[in-house]
Amino acid sequence: MKKLTTPLKVEDLKDLKAGDNVTITGYIYTARDAAHKRLVELLEEGKELPIDLEGAIIYYVGPTPAREGEPIGSAGPTTSYRMDSYTPQLLDQGLLGMIGKGKRSQEVKDKIVEKGAVYFAAIGGAAALIKKAIKSAEIVAYEDLGAEAIRKIYVEDFPVTVVNDAHGNDLYQSGRKEYLQWLKEN
Amino acid sequence: MRQIDAGLITESVKKMVMEANYFLPEDVYSTIKEAQDKEEWQLASDILDKILQNADIAKNDQVPMCQDTGMAVVFVEMGQEVSIVNGYIEDAINQGIREGYEEGYLRKSVVGDPLNRVNTKDNTPGIIHYSIVPGDKLKITVAPKGFGSENMSRLKMLKPAEGLEGVKDFVLETVELAGPNPCPPIVVGVGIGGTMEKAAFLAKKSLMRSFDSYNENPFYADLEKELLEKINELGIGPQGFGGKTTALRVFIEYYPTHIAGLPVAVNIQCHAARHKEVVL
Ligand code: SF4
Numbered sequence: 000m001k002k003l004t005t006p007l008k009v010e011d012l013k014d015l016k017a018g019d020n021v022t023i024t025g026y027i028y029t030a031r032d033a034a035h036k037r038l039v040e041l042l043e044e045g046k047e048l049p050i051d052l053e054g055a056i057i058y059y060v061g062p063t064p065a066r067e068g069e070p071i072g073s074a075g076p077t078t079s080y081r082m083d084s085y086t087p088q089l090l091d092q093g094l095l096g097m098i099g100k101g102k103r104s105q106e107v108k109d110k111i112v113e114k115g116a117v118y119f120a121a122i123g124g125a126a127a128l129i130k131k132a133i134k135s136a137e138i139v140a141y142e143d144l145g146a147e148a149i150r151k152i153y154v155e156d157f158p159v160t161v162v163n164d165a166h167g168n169d170l171y172q173s174g175r176k177e178y179l180q181w182l183k184e185n
Numbered sequence: 000m001r002q003i004d005a006g007l008i009t010e011s012v013k014k015m016v017m018e019a020n021y022f023l024p025e026d027v028y029s030t031i032k033e034a035q036d037k038e039e040w041q042l043a044s045d046i047l048d049k050i051l052q053n054a055d056i057a058k059n060d061q062v063p064m065c066q067d068t069g070m071a072v073v074f075v076e077m078g079q080e081v082s083i084v085n086g087y088i089e090d091a092i093n094q095g096i097r098e099g100y101e102e103g104y105l106r107k108s109v110v111g112d113p114l115n116r117v118n119t120k121d122n123t124p125g126i127i128h129y130s131i132v133p134g135d136k137l138k139i140t141v142a143p144k145g146f147g148s149e150n151m152s153r154l155k156m157l158k159p160a161e162g163l164e165g166v167k168d169f170v171l172e173t174v175e176l177a178g179p180n181p182c183p184p185i186v187v188g189v190g191i192g193g194t195m196e197k198a199a200f201l202a203k204k205s206l207m208r209s210f211d212s213y214n215e216n217p218f219y220a221d222l223e224k225e226l227l228e229k230i231n232e233l234g235i236g237p238q239g240f241g242g243k244t245t246a247l248r249v250f251i252e253y254y255p256t257h258i259a260g261l262p263v264a265v266n267i268q269c270h271a272a273r274h275k276e277v278v279l
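Quick note, the sequences are listed as chains A and B, same order. Heads up: the first sequence begins at 0 in numbering that gives the first Met the number 0, then just goes up one per residue. Heads up: the second sequence begins at 0 in numbering that gives the first Met the number 0, then just goes up one per residue.
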């Protein structure tokens, strides 16, 4: 199992391959469509972003409310394609990792290769399990968006799988192909 | 007339939205377990194992199994000899949703207007379907529906000439297009016949069935089995990483239709196949 810590460097990601299981430790940001929209609007107006994206990871999640004494509620990934139209601009700002679930557009995949970034999947629906890896959470922007606000969270050994690596591989294509090939041979 | 207090309806709905989100139904759990035992692809088996672990944690800690605690879909079967007192039934149900999502620490995921998109902040209104049935009982089924899977659902008005093959192709194509997005393993609800909205309703309603049930009509029961097999030959697998377990079940409901039509709706449900029911 490979271990990554944030902030990421392009160096850390170049040996990662689609299908690798990885754990992530460190601070990462959460954001969904509504927050992405605002970030990209700021960029288009030439304004500064409320978060530093250099080497950052964004986790696509809108958690359930935290119970008293807990940092966060259940927090599994949301479907990533809704972020596709905003992602290339954020990758241009230094973003290096994204965690979500589901397919990305060709444009995003190309940009991932160009920037040496990585798209990871967390297990969709395993929100109670993932909650345990999140040690702290703090809203850093867009509090009015509620569950969709940008949070800075500290994760310890957050388990993810590499889907789109910096070399253009895509686990959603290769994983299935390998399985079907294996099935034929067995 | 048998009288049922609106307050009792609110209490029941409130309890059900919470429990549905914390406790994966037994039949769903054991079906995932069986699938895991049969899954020979390691990555796939690992994922199914984590999904079961997740269900265990949710149950023990009483936390939502998924952060998308859904839009509350509610089916009401009201006996025609029942009269609701002390309030309007729809208000009582929405009040139950409101209280349950607040007290249960569930996510509020509803916007009041699909284009202007301001969150209603209490997860209301629910999507409520009523039917009047014989008798003096009131049955309420609550199914929180996540939109990762809802968004992958499709409906098509086929030509009658496309027939059985057309239906099969459409179901398989829908699962293929969905790929990893709806958090496979999935449950596939299919509504065939009726009118446009009837097909969609049947597809949703079929998802309330127990995992050990098949359609009572042997023709449709066989079709459920055949489609499940074909879907699991696609190789999409848990989370779309490859494997045998793409779907856990296919449920089909059908209804008479017009001589000129063959509506078919496919409602995709993720492995967090949550529903709870009560008979008052
Ligand atoms: S599709 Fe289902 S399991 Fe996946 S995030 Fe949505 S509600 Fe949760």
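Watch out, some of these pointers could steer you wrong.
Examples of chain A residues toward chain B, derived with CB under 8 Å [claimed, not checked]:
{"#": "1", "residue": "60"}
{"#": "2", "residue": "63"}
{"#": "3", "residue": "70"}
{"#": "4", "residue": "77"}
{"#": "5", "residue": "126"}
{"#": "6", "residue": "148"}
{"#": "7", "residue": "151"}
{"#": "8", "residue": "153"}
Don't read these hints as lab results, they were simulated from the structure. Glycine included, every Cβ here is placed at the ideal spot set by N, Cα and C.
Structure-based check of each hint:
Because the closest C-beta pair between residue 60(A) and chain B is about 6 Å apart, less than 8 Å, the hint holds. A hinted interface residue such as residue 63(A) counts as satisfied when its beta carbon comes closer than 8 Å to some beta carbon of chain B; here the least separation is about 4 Å, so the hint holds. Taking 8 Å as the C-beta cut-off, the interface hint given for residue 70(A) is violated, the closest approach to chain B being about 13 Å. For residue 77(A), the shortest C-beta to C-beta distance to chain B is roughly 7 Å, which falls under 8 Å, so the interface hint holds.
Satisfaction of the interface hint for residue 126(A) is found here, the shortest Cβ-Cβ separation to chain B being roughly 4 Å, below the 8 Å cut-off. Look at residue 148(A): its Cβ only gets to about 12 Å from chain B, farther than 8 Å, so that hint breaks. At about 18 Å, the closest approach between the beta carbon of residue 151(A) and any beta carbon in chain B exceeds 8 Å, and the interface hint on this residue is violated. For residue 153(A), the suggested interface contact is broken, since its CB lies about 18 Å from the closest CB of chain B, more than 8 Å.
Of the hints listed earlier, those the structure fails to meet are numbers 3, 6, 7 and 8, in rising order.
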